[in-house]
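In the order they appear, the protein sequences are chains A and B. Numbering-wise (the working numbering), the first sequence opens with residue 1 and increments by one. Numbering-wise (the working numbering), the second sequence opens with residue 1 and increments by one.
By construction, these hints were calculated from the structure, which means they are not laboratory data. All C-beta atoms in this analysis are idealised placements derived from N, C-alpha and C, irrespective of residue type, glycine included. One thing to keep in mind: the hints can contain errors.
Stretch-level coverage of chain B by chain A, calculated; a stretch enters the list once three of its residues show a Cβ under 8 Å from a Cβ in chain A [what the hints assert, rightly or not]:
1. 75 to 88
2. 115 to 121
3. 169 to 175
4. 203 to 215
5. 253 to 265
Away from chain B, derived, C-beta distances all over 12 Å, residues of chain A [said to hold, decoys possible]:
6. Arg177
7. Arg179
8. Gly194
9. Gln195
10. Asn202
11. Lys283
12. Asp290
13. Leu297
Simulated restraints on C-beta separations [what the hints assert, rightly or not]:
14. A/Ala262 to B/Ser379: 55 to 61 Å
15. A/Ser241 to B/Leu42: 45 to 51 Å
16. B/Ala109 to A/Thr286: 48 to 54 Å
17. B/Tyr390 to A/Pro301: 47 to 53 Å
18. A/Gln172 to B/Ala109: 48 to 54 Å
Okay, here's what each chain looks like letter by letter:
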Amino acid sequence: MASAPARLAIALALVAALPAQAALKVFACEPEWAALAVEVGGDLVSAYAATTGRQDVHQIQARPSLIAKLRSADLLVCTGAELEVGWLPMLLRQAANPRVQPGAAGYFEAASAVTMLELPTAVDRALGDIHPYGNPHLQTDPRNLIPVALALAKRMAALDGAHAADYARGAQRFEQRWRSQLARWAARAAPLAGQRFVAHHNSWPYLAAWLGIDVVGFLEPKPGIPPSSTHLAQLLDGLESQPVRGIVRSGYEDARPSEWLAQRTGARALLVPQTIGAVPAAKDLTSLYDAMLDSLLGALPPGGG
Amino acid sequence: MDTSNLRPPALCAALLALAAGAQPLTSNALNPALSLILDARLASHSNDPAAYQLPGFQLGPEVGPGERGFALSEAELVVSANVDEWFYGTLVAAIAEDGGEGVIELEEAWLQTLALPSGFTVKAGKFFSRIGYLNEKHPHAWDFADAPVAYDAFFAGNLKDTGVQLRWVAPTDLYLELGLEALSGESFPAAGRDRGGKGSHTLFAKLGGDLGASHSWQLGASRVDARAVGRTIEVDDPAVEPEVAFSGDSRLWGFDFVWKWSPDGNYQARSLVFSAEWLQREESGDLEVRFPSASLPDAGAYAGEQDGLYAQAVYRWRPQWRVGLRYDRLSADNAVTGLSAPIGLADDAHAPTRTTLMVDYSHTEFSRIRLQLARDGSSPATDHQLVLQYVASLGAHGAHQY
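Build out the structure end to end from the sequences listed, making use of the hints.
Below is the structure:
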């Protein structure tokens, strides 16, 4: 058995000596960016999603498996705006990969390509776990995916100049396809305009801007602090005079506070997928936004509101 | 409250720049990330903590169960930032009170590379060694109010020293990390900066991965080679009050295992974390003993073999609530020869054990209140301990390691 370490060393050396694969290795913090990277890069990229739709991306452990994946990545694609601040900086320091450090060409934040909403005017932890660079849940508005795709294509071209035209074509193809989907969704979503909702966490300002809905309150007393019975009772009081259609939660949030409130009001408890995989129906980018609309439209009475 | 000082013009400018997508985000806008950890406690001990003993072990400095009554364990100031695209730097200073006087202790001050190719990282300065699982973690990140007894016995809390660390992450999907450190040999279990100020060496390896979305694990192995020259030993014998110094070799093996479970990988919602470490050490060398009554020092030889392990499980049953159970056990087999009078170092008949139960509540991830009960059988007379503690972190949002 004395040769076991030697065999391991040889195996590792062989792995290290393998020729670099042609595909651009993308480490995506969230499933939607893994899917978008493939839309833009096609066969030229291989994308790994570090989190699933069932996970709270604010709270991820800097696990060994994630360090190993980031170690070999050529391009990191994350939401940014401090959404991943609780774990990504640790991964970046441990993964020892200069290609994806902040400032390198392989470090890409979707937040850098869109206009951020809810930039705070005061930054104080007494306000809860707020995001000083604006609300980071920008993927809930599908219109944001077009500027992100175009910026991503430029970044991929910078990393892999030989295929620059392919990435640009991929982004254009996506934009074309996406514009027709946006038109279809706008028609589907028309009955939602002006409808009132409450949400578990403040994840939905971009969705509200897209659909013209009003999110009038949150189950969390402050961002990141779990719903308390006192706060839910206060919320219930307010909803008696000013009712809402539905109570929106993400795929990873506890259903019980929503259901408690739904039982005491006429509002429906709604699981609205925040990303791919949050519900089985959200299989890819297109079905994600259809599933969002399915869920929200389910709160309206049949035959129009 | 005046909030105007919370948004200085520089920060606003940075926010506007970021809103316009002008620069990528780091954990701070322009200044280094600054955070302050406060850790205060109220403790009750059935035994006098000042008379703490761990029979069979040469204790390092400041090892013990803490004080009775109210105590501010320490205030920890952490400053960190990317220096430039090549380096990341951190300073951790502990501000503590010692007999009514404020003292600042340098816990860590190091620079780490960010831009080396092929998975290599070099860290240089004073740092917590990367051996073991718990060694690199600061007290505020521990799951209990105190360190495992084995860490107190073998590292006087944790192994930290000045030197250089080289680590390599393998380009494999299974996480594999190998590393080594060369250290000055000033800190326990080394002493006296032997080998020309390069008195300690360590080696470590880590292996880890996931099993589905709900399980993750890490295995580690560590080795510490330290040279001690004139390491002073606290011998609690009021009758003779000898001054004891040990010079010799200290060699340690460590193995650690961590397994974490949480439904769908939502650690913050519900989780169970099991961790265990086993440390095994051999020390051999010379003892020099000075009795106040004798004019010449007494010389002897020392050879010791010691084991220590802890195993703990921490269950988070609701987002803000955790409960944890930990078991510690140590044993020693020491031989002292040549001394004219026994000084207790060979006293290895008692195997120290401790059982600890804790429950804690975290209103947010920045504040934690903990109640801990322990039955500490470090010495033959069992100490019953109760600790009520808070840990608060102010300022920058530090990312925690696995």
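- prompt: Can you list which hints this structure breaks, lowest number first?
  reply: none
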